[in-house]
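The chain contents come next:
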Amino acid sequence: MPLVATDAIVLHAFDYSESSRILRLATREAGVQSVLARGARRAKSRFGTALDLFAQGTAQLYLKEGRDLQTLAGFDVLHARPALGADLGRFAAASALAELVLRFGTVNEAHPALFDALAHALDHLATAEPAQASEAGLAGAWHLVAQLGFAPSLGACSICHADVRADGPLPFSHVAGGVLCAGCARTHPGGRTLPSAAREAIATWSGAGRVHGLDAREARAHQRLLREFLQEHLADGRLLRAFEAWEHGGWSAP
Amino acid sequence: MSAIDELAAELAKLPGVGRKTALRLTYHLLKQPPETSRRLAAALERLVERVRRCSVCANLTEEDPCAICGDPRRDRGILCVVEEASDISAIERTGEFHGIYHVLGGRLSPLDGIGPEDLGVQQLVDRVTAGGVREVILATNPSLEGEATALYVQRQVGPHVAVVSRIARGIPVGGDLEYADGVTIAQAISARREM
Ligand SMILES: [Zn+2]
Ligand SMILES: [Zn+2]
Numbered sequence: 001m002p003l004v005a006t007d008a009i010v011l012h013a014f015d016y017s018e019s020s021r022i023l024r025l026a027t028r029e030a031g032v033q034s035v036l037a038r039g040a041r042r043a044k045s046r047f048g049t050a051l052d053l054f055a056q057g058t059a060q061l062y063l064k065e066g067r068d069l070q071t072l073a074g075f076d077v078l079h080a081r082p083a084l085g086a087d088l089g090r091f092a093a094a095s096a097l098a099e100l101v102l103r104f105g106t107v108n109e110a111h112p113a114l115f116d117a118l119a120h121a122l123d124h125l126a127t128a129e130p131a132q133a134s135e136a137g138l139a140g141a142w143h144l145v146a147q148l149g150f151a152p153s154l155g156a157c158s159i160c161h162a163d164v165r166a167d168g169p170l171p172f173s174h175v176a177g178g179v180l181c182a183g184c185a186r187t188h189p190g191g192r193t194l195p196s197a198a199r200e201a202i203a204t205w206s207g208a209g210r211v212h213g214l215d216a217r218e219a220r221a222h223q224r225l226l227r228e229f230l231q232e233h234l235a236d237g238r239l240l241r242a243f244e245a246w247e248h249g250g251w252s253a254p
Numbered sequence: 001m002s003a004i005d006e007l008a009a010e011l012a013k014l015p016g017v018g019r020k021t022a023l024r025l026t027y028h029l030l031k032q033p034p035e036t037s038r039r040l041a042a043a044l045e046r047l048v049e050r051v052r053r054c055s056v057c058a059n060l061t062e063e064d065p066c067a068i069c070g071d072p073r074r075d076r077g078i079l080c081v082v083e084e085a086s087d088i089s090a091i092e093r094t095g096e097f098h099g100i101y102h103v104l105g106g107r108l109s110p111l112d113g114i115g116p117e118d119l120g121v122q123q124l125v126d127r128v129t130a131g132g133v134r135e136v137i138l139a140t141n142p143s144l145e146g147e148a149t150a151l152y153v154q155r156q157v158g159p160h161v162a163v164v165s166r167i168a169r170g171i172p173v174g175g176d177l178e179y180a181d182g183v184t185i186a187q188a189i190s191a192r193r194e195m
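These protein sequences, in sequence, are chains U and Z. Numbering follows our numbering, with no gaps: position 205 of the first sequence is 205. Numbering follows our numbering, with no gaps: position 59 of the second sequence is 59.
Please keep in mind that the hints were generated in silico from the structure rather than gathered at the bench. Note that the structure is a prediction, hence the values are computed from the model and not measured. We treat Cβ as the ideally placed atom computed from N, Cα and C, and that holds for glycine. Check the hints yourself; a few may be wrong.
Pulled a few chain Z residues facing chain U out of the computed Cβ check, cut under 7 Å [unchecked claim]:
no. : residue
1   : Gly106
2   : Gly113
3   : Gly115
4   : Val128
5   : Ala130
6   : Gly131
7   : Ser143
8   : Glu147
9   : Tyr152
10  : Val183
11  : Ile185
Modelling step: build the complete structure from the supplied sequences, incorporating the hints.
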């Protein structure tokens, strides 16, 4: 059984037996992995108490082909992110980013750019002012979508590829994967209407930029659009629970 | 499905029990006198019949209110909030806490679909606003999710009670400073106390 050492971030953790935990990791070399951390619940565990959600470090994995659950031999935490638990808006947004990678990331396949985008997004979120947590989460999520290769088409019709640069609102189709020209919008009804500022924001976020001055109402509209867009790209039909909780829960500061 | 497969399938649903272990347990029971299995079945039956949630604190109990809520010697001014009923037993074993409890029934975990409205926080707020509580101790786990949960509860009950405190975290007893991780050491230092 090959022992692989790779950079990893904890995306999800739950107790397995009295002493063990199952972790779901984003790794740089081996994609998304579910691993069994034997003894991780014990007070004096070899994994240490810092092996918590969103922590980053070097994971030693025993990877056995054809297995859903791999074995975690060790995890050296180099960078914990306790700040993501110190504000509810950050916590909810970070959970949504984790869900995005869990649901869209591939198993056993190295994707260094996706890993780095996730690490970067979590760090930004950890230092975001509570009022900016939603924007930081949206920025991270759209950048991850771009790394995953399905960023929406915003300057050209996503069906006929005609140039649709306009100052006004444009129809946006989740199914088609972007904006529509007037002609295609007639043959593909449904979807949403996107103001130009919203299109610019998504384009900025997809390119790892930041958008300033987003108010709470605009942020919520963006969260809804993002969730619908992601849901449309999932084949299994399972709900994006963390995205729903982020959108609906009373997370943000009162 | 055979009776053997049926039991093994049920056992395999338990946390930490795989298919192999479930079969081993099943064959083990078959080697024992029939009484062993009958007693196990009867105990399971009694468990689901008798055990329920305390209507005051949501502890698991056979009588309502539970033994702790019904004990006149407990200090009703100090209320300790925990994630699960099993956490109460852990604290009770120490014999150091003489207040009362409130079980949230979990912790915030968006990935598991558990949001603020899924925890018993409103019941807690109702208990605190009813009066008599001087201090709420937040004893959720010292994990990132536990911290977020504590933060949420603090925000909800804070306006209604004089003191909201959080259990300390740091170097475990018998632990070694040299081998503790940076996060734990930093927390132990920030939660230091004068002596
Ligand atoms: Zn078109
Ligand atoms: Zn009770």
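Here's how the hints hold up against the structure:
For Gly106 (chain Z), the suggested interface contact is broken, since its CB lies about 12 Å from the closest CB of chain U, more than 7 Å. A least Cβ separation of about 4 Å between Gly113 (chain Z) and chain U falls short of the 7 Å threshold, and the interface hint therefore holds. Interface hint at Gly115 (chain Z): satisfied, since its Cβ lies 4 Å from the closest Cβ of chain U, which is below the 7 Å cut-off. Because the beta carbon of Val128 (chain Z) sits about 17 Å from the nearest beta carbon in chain U, more than 7 Å, this interface hint is broken.
This hint is violated: Ala130 (chain Z) has a C-beta 23 Å from the nearest C-beta of chain U, more than the 7 Å allowed. Given the 7 Å rule on beta carbons, the hint for Gly131 (chain Z) is violated: about 23 Å separates it from the nearest Cβ of chain U. The beta carbon of Ser143 (chain Z) is positioned within 7 Å of a beta carbon in chain U (closest approach about 5 Å), and the interface hint is therefore held. Here the hint on Glu147 (chain Z) is kept, as its CB sits about 4 Å from the closest CB of chain U, short of 7 Å.
Checking Tyr152 (chain Z) against chain U by beta carbon gives a least distance of about 6 Å; that is within 7 Å, so the hint holds. The interface hint given for Val183 (chain Z) is met, as the beta carbon of that residue sits about 5 Å from the closest beta carbon of chain U, less than 7 Å. About 10 Å separates the beta-carbon of Ile185 (chain Z) from the nearest beta-carbon of chain U, more than 7 Å, and the hint is not met.
In this structure, the earlier hints numbered 1, 4, 5, 6, 11 are contradicted, and the remaining ones agree with it.
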